[in-house]
Amino acid sequence: MYVLSRPALVLLLMMAIGLGFYPLVGDSYYIRLLTKIMVLGLFAMSLDLLIGFTGLISLGHAAFFGVASYAVAWYIVKAGVTSLLLILPTAIGASAACALVIGWLSIRTAGIYFIMITLAFAQMLHAFFKDQKYWGGTDGFNFYDKPQLVFGDTVLLDLSNRLTLYYFTFAILVSAFVFLIVLLRSPFGRAIQGVKVNEGRMRAMGYNIRHLKLISFIIAGSLAGVAGFLEATRTAYVNPELMSWHMSGNVMIMVILGGMGTLYGPLLGALALTLLGDNISSMWDHWLLIMGAFVIAVVMFLPEGIAGLIEKTANRFKRKPPPKEETEP
Amino acid sequence: MSGFILETQNLSRHFGALMAVDDVTLSFERGLVHAVLGPNGAGKTTLINLLSGEILPSSGSIRFKDYDITSLPANEVSHLGIGRSFQKTNIFPNFTCFENCRLAAQSRMKGVFHFFKPALSYKRINELAEKGLEMCGLTKRRDTLAQAMSYGEQRQLEIGMMLATEPELLLLDEPLAGMGAEESLKVIELLRKLAKEHTLILIEHDMDAVFAVADRLAVMVNGRLLETGTVAEVRASKAVQEAYLGSDEEGH
Numbered sequence: 001m002y003v004l005s006r007p008a009l010v011l012l013l014m015m016a017i018g019l020g021f022y023p024l025v026g027d028s029y030y031i032r033l034l035t036k037i038m039v040l041g042l043f044a045m046s047l048d049l050l051i052g053f054t055g056l057i058s059l060g061h062a063a064f065f066g067v068a069s070y071a072v073a074w075y076i077v078k079a080g081v082t083s084l085l086l087i088l089p090t091a092i093g094a095s096a097a098c099a100l101v102i103g104w105l106s107i108r109t110a111g112i113y114f115i116m117i118t119l120a121f122a123q124m125l126h127a128f129f130k131d132q133k134y135w136g137g138t139d140g141f142n143f144y145d146k147p148q149l150v151f152g153d154t155v156l157l158d159l160s161n162r163l164t165l166y167y168f169t170f171a172i173l174v175s176a177f178v179f180l181i182v183l184l185r186s187p188f189g190r191a192i193q194g195v196k197v198n199e200g201r202m203r204a205m206g207y208n209i210r211h212l213k214l215i216s217f218i219i220a221g222s223l224a225g226v227a228g229f230l231e232a233t234r235t236a237y238v239n240p241e242l243m244s245w246h247m248s249g250n251v252m253i254m255v256i257l258g259g260m261g262t263l264y265g266p267l268l269g270a271l272a273l274t275l276l277g278d279n280i281s282s283m284w285d286h287w288l289l290i291m292g293a294f295v296i297a298v299v300m301f302l303p304e305g306i307a308g309l310i311e312k313t314a315n316r317f318k319r320k321p322p323p324k325e326e327t328e329p
Numbered sequence: 001m002s003g004f005i006l007e008t009q010n011l012s013r014h015f016g017a018l019m020a021v022d023d024v025t026l027s028f029e030r031g032l033v034h035a036v037l038g039p040n041g042a043g044k045t046t047l048i049n050l051l052s053g054e055i056l057p058s059s060g061s062i063r064f065k066d067y068d069i070t071s072l073p074a075n076e077v078s079h080l081g082i083g084r085s086f087q088k089t090n091i092f093p094n095f096t097c098f099e100n101c102r103l104a105a106q107s108r109m110k111g112v113f114h115f116f117k118p119a120l121s122y123k124r125i126n127e128l129a130e131k132g133l134e135m136c137g138l139t140k141r142r143d144t145l146a147q148a149m150s151y152g153e154q155r156q157l158e159i160g161m162m163l164a165t166e167p168e169l170l171l172l173d174e175p176l177a178g179m180g181a182e183e184s185l186k187v188i189e190l191l192r193k194l195a196k197e198h199t200l201i202l203i204e205h206d207m208d209a210v211f212a213v214a215d216r217l218a219v220m221v222n223g224r225l226l227e228t229g230t231v232a233e234v235r236a237s238k239a240v241q242e243a244y245l246g247s248d249e250e251g252h
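Taken in sequence, the protein lines are chains A and B.
Count the first sequence with our numbering and you get residues 1 to 329, in order.
Count the second sequence with our numbering and you get residues 1 to 252, in order.
Do not rely on the hints blindly, as some may be mistaken.
Claimed, not checked - Examples of chain A residues lying across from chain B (beta carbon under 8 Å, computed): (1) Gly18; (2) Tyr22; (3) Val182; (4) Met205; (5) Ile215; (6) Asn250.
Keep in mind that the hints were calculated from the coordinates and are not lab data.
Ideal Cβ positions, reconstructed from N, Cα and C, are used throughout, including at glycine.
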């Protein structure tokens, strides 16, 4: 069951303070890059709820990310609406509805079949948006306006402002993190972690496994939808690739790289992967080779990801004599 | 209501051509300790799996009190008041003993939409979990990870988890399997204590244990029911002696 360790808490507080004050000193390029990292981090964190805590290995998580981005684009391009109060709930609702349908069908399978069926559903959505002229086809949509929160005549929140978007994303990321911590401590959170460890026993004890899995799937899908909303708002651009299997694969790599079942690991995974891509892609055309080698190295030498490395290092510093004989009766 | 808490009617289950349980009609009297005996492969575990809803029968029916539970899934059977423990230790190794029992007790909460209050703040659930721990004798091990305990203690935890769901009827699949003599005695003691307030159906290989606690015996061979009755009746039965007990005693 999930416990946020002290070193992780310290690290997170430091990161939060750093992110909170960075715009005061940083330049606009890195403010944009950090916004991107926070969005991807939220996306990866939502997948960790499935992979790391419920034991559902979904390879179609980009479906919910993409559907929410298209909801943003539809409002702005097709309906000419920029109200945040309309767009954000619709985007989340669209993702949640997709997660309900896809989840309801796919949780009947397990293991490799679950991986394949979630992948297939995401690819179906990808193909749908790619084929439909109405939805912009392969090119998707470019748009200029961004969601705003307006009260009367005053604009309270204008997400086309780079700094506003940065802090808005930051606030959502922090809220989502706190929400997930609370959720994992609740009876529901304990139950899904039980499902991950021993599904058969949970059923024998009287739990309805399908309900637990489906609710977890919908919550994760909705959070991916929030990330999708932010992504479309950030780039003012959507295209079918947002829900392609590349995207699903990338976010899964972030989770594995950062450390499954740690919640903050996927944030670090998003950070590491984005920074790495950003830096080496400009140096060398075949940068994906380096990226691939890096991922292989982490998986082989740090099976618990970056988060696992942090916890281990912190423990080594903390206790002088390692508690070897603790478990002896 | 009859004096029978659980009844099977022509219950069968086959796996391909193998008749694991073959036309078994059995009644379990309320408040007694029933033991199901039989050599390996007799279909005892399959019978328990059928009773607990783990697998569905190929034909026949099962009745628990006033409910037809023939086609109910395991989670719904559990909620009617049938608890079970497993022959192969089936726990949550990386959770503490307390959390193992607490999770079992939590299954008694209504609905799954408990998202915000911490799980540890539900008093009634905590009490049930502590009670489960106490009854199986693991209060001292409350905060130990289940995987760090001895095999015998894990078997005790297995029973504690079942008790934390407050069942009325207990299905115990070889509760003494692989236990040392001292641990066995502890568990037999526990079974005696449980028998006062519950109906027990247990599968067991340890004959001494069975004769020590059971009121009624049912003997299975090759998926079929060979004999039922009190301990004395079954011991006296010719058919049973030939098929099972007899060969065992001759060996000594």
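Do the hints match the structure? See the list:
1. Gly18: violated, 29 Å
2. Tyr22: It is violated, given that the least Cβ distance between Tyr22 of chain A and chain B is near 31 Å, above 8 Å.
3. Val182: Given a least distance of 6 Å, the restraint on Val182 of chain A holds.
4. Met205: With Cβ-Cβ at 5 Å, under 8 Å, it holds.
5. Ile215: holds, 6 Å
6. Asn250: Given a least distance of 29 Å, the restraint on Asn250 of chain A is violated.
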